[in-house]
Amino acid sequence: MSSIKADVIVIGSGIVGSSAAYNLAKEGRKVIVLEKDMIGNGGSCRNGGGVRISGRDPREIQLCAYAAKNIWPQLSDELGIDVEYKKSGYLFMGYEPAHKKMMQERVEVCSKYNIKMKIIEGDDIYKRFPYVSKHVTVAGWTQDDGVANPLKATLGYYIAARRLGVRYITGEEAVKIIKIKDDARQVLCASGNIYEGDAIIAAPGYFGKDLLKTVGIDVPMQKKLNEIIVTERAPKMFDHMIGGASGHYGQQTENGSFVFGSGSGRELFLFDKNEKTSTEQSPSFICNTLGIDIPFIKELKVVRTWSGWLDRCIDLVPVIGKIEEVPGLYVSIGSSGHGFGPGPAVGRVLSELACGRQSPVDISKLHYDRFDYVYKQDRYKEATVGGSFG
Amino acid sequence: MSEIMDRSKDIGEFIPRPDDDVIICRCEEITRGEIRKAVHMGLWTMTEVKRYLRCGMGLCQGQTCSKTVKVIIASELGIKPQELEECTARPPVRPIELGIFGNEVEKL
Numbered sequence: 001m002s003s004i005k006a007d008v009i010v011i012g013s014g015i016v017g018s019s020a021a022y023n024l025a026k027e028g029r030k031v032i033v034l035e036k037d038m039i040g041n042g043g044s045c046r047n048g049g050g051v052r053i054s055g056r057d058p059r060e061i062q063l064c065a066y067a068a069k070n071i072w073p074q075l076s077d078e079l080g081i082d083v084e085y086k087k088s089g090y091l092f093m094g095y096e097p098a099h100k101k102m103m104q105e106r107v108e109v110c111s112k113y114n115i116k117m118k119i120i121e122g123d124d125i126y127k128r129f130p131y132v133s134k135h136v137t138v139a140g141w142t143q144d145d146g147v148a149n150p151l152k153a154t155l156g157y158y159i160a161a162r163r164l165g166v167r168y169i170t171g172e173e174a175v176k177i178i179k180i181k182d183d184a185r186q187v188l189c190a191s192g193n194i195y196e197g198d199a200i201i202a203a204p205g206y207f208g209k210d211l212l213k214t215v216g217i218d219v220p221m222q223k224k225l226n227e228i229i230v231t232e233r234a235p236k237m238f239d240h241m242i243g244g245a246s247g248h249y250g251q252q253t254e255n256g257s258f259v260f261g262s263g264s265g266r267e268l269f270l271f272d273k274n275e276k277t278s279t280e281q282s283p284s285f286i287c288n289t290l291g292i293d294i295p296f297i298k299e300l301k302v303v304r305t306w307s308g309w310l311d312r313c314i315d316l317v318p319v320i321g322k323i324e325e326v327p328g329l330y331v332s333i334g335s336s337g338h339g340f341g342p343g344p345a346v347g348r349v350l351s352e353l354a355c356g357r358q359s360p361v362d363i364s365k366l367h368y369d370r371f372d373y374v375y376k377q378d379r380y381k382e383a384t385v386g387g388s389f390g
Numbered sequence: 391m392s393e394i395m396d397r398s399k400d401i402g403e404f405i406p407r408p409d410d411d412v413i414i415c416r417c418e419e420i421t422r423g424e425i426r427k428a429v430h431m432g433l434w435t436m437t438e439v440k441r442y443l444r445c446g447m448g449l450c451q452g453q454t455c456s457k458t459v460k461v462i463i464a465s466e467l468g469i470k471p472q473e474l475e476e477c478t479a480r481p482p483v484r485p486i487e488l489g490i491f492g493n494e495v496e497k498l
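Chain order of the listed sequences is A and B.
390 is the number that our numbering gives the last residue of the first sequence; the numbers go up by one with no jumps.
498 is the number that our numbering gives the last residue of the second sequence; the numbers go up by one with no jumps.
Chain A extracted, bound-state conformation (with noise of 0.2 Å):
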């Protein structure tokens, strides 16, 4: 069978694998997007929104930095849709000592790339933040963090792109990519096609780990079930991202709606589904945690709760970038959770990357080749654990 040729096949059509093609696009290369399901129906478009630096692993901070300063600010005119980004800031709360530890750490990770995340306790949270509750002891707050819809995002750089002239094909999986003198330049799908490109970017989510394992390719991953409860609208209270040490992140939207996602930890032993599924834990945590933090919230409705998978990573930050072994392979997979705010900046670095140009930011910490090392630590760690219980 012949397959159908592009210079770039785009596997995954979430905001980084749309504004991969996007950029692609944009130079004029002939781009197609393969997706399994429909457009953005993963994490990027079931996510609470933050487009944060602060709190972020130094691995991959100064990627999110280059996503917040120089792609949000100008996406909604780049896109020409309002993807309602705003550099509101991010407001994290805290309980006890132990919680505002782990804000100074964050606070000297944030100082060593420039961005200034402060601390706030007692009275001075309540006076700037009247709507949090006095449980709230202590609050780390940085300015440079923002928010933005991850629906109009995702959606807005499909229709962008769509409109540059990517070819979109979704409800076509792909099954296996496959090599052409040890460089890989097929992709096989489900449905028997085959396309072919100079070079294939993979961005697919937890369940594109299989597909990278037909190239050999392993990423030690597995998929947690994340959930979110979405209230009526309200006046506008705030409008920055929020964040608490008991699990909870969200913001109220530009609607009026306040969307808050968190786990209940419970999920991975409470029950083993392949489906996504609202459970009765998560939401009622959130709620629960929430209410607590945020008292006036408890007399809104929730209108509707939602799930997705987190696809989390051995050590929690993605593999971002080429793939050394299999040449013509540029892959993002594993956000851990936190993909949303660096997503286009990953798509840029992608594009760039497929174009043998060098990455605009550094992500030599997010290759792929560092879980050996990975690995050796964590056998150390369980072998000095076991030998504990001995």
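Bear in mind the hints are in silico, worked out from the structure with no lab data behind them.
Here are the simulated DMTMM-like pairs of lysine to aspartate or glutamate, each with C-alpha atoms no more than 20 Å apart in a straight line:
1. A:K298 / B:E496
2. A:K236 / B:E419
3. A:K176 / A:E324
4. A:K236 / B:E487
5. A:K30 / B:D400
6. A:K5 / B:D396
7. B:K497 / A:E280
8. A:K301 / B:E487
9. B:K399 / A:D37
10. A:K298 / B:E494
11. B:K497 / A:E267
12. A:K276 / B:E476
13. A:K30 / B:D396
14. B:K399 / A:E173
15. B:K460 / A:D37
16. A:K298 / B:E487
Given chain A's structure and the hints, the job is docking chain B onto it.
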């Protein structure tokens, strides 16, 4: 969703109609014209249109308008409404106060 759709397929130009300003989703005040335009921007599933425009995301969660939205999208794509997949029904069935929902934690 398993049906293969080439999103570059030509579905024709958007042609304005006199009833384009009729409100279809009353909770979020989304008009027929906005829904029709969204289809021509490439949003070909009920979920994509909902996510982009918010029709069906308000207080009634699409219980009032989703059938009409479906017919409009299908007509724009030139397919039968039953060929379109519904949006996922989300709990709770009726809106519930956040404080009451949060109390459920004690029963877990």
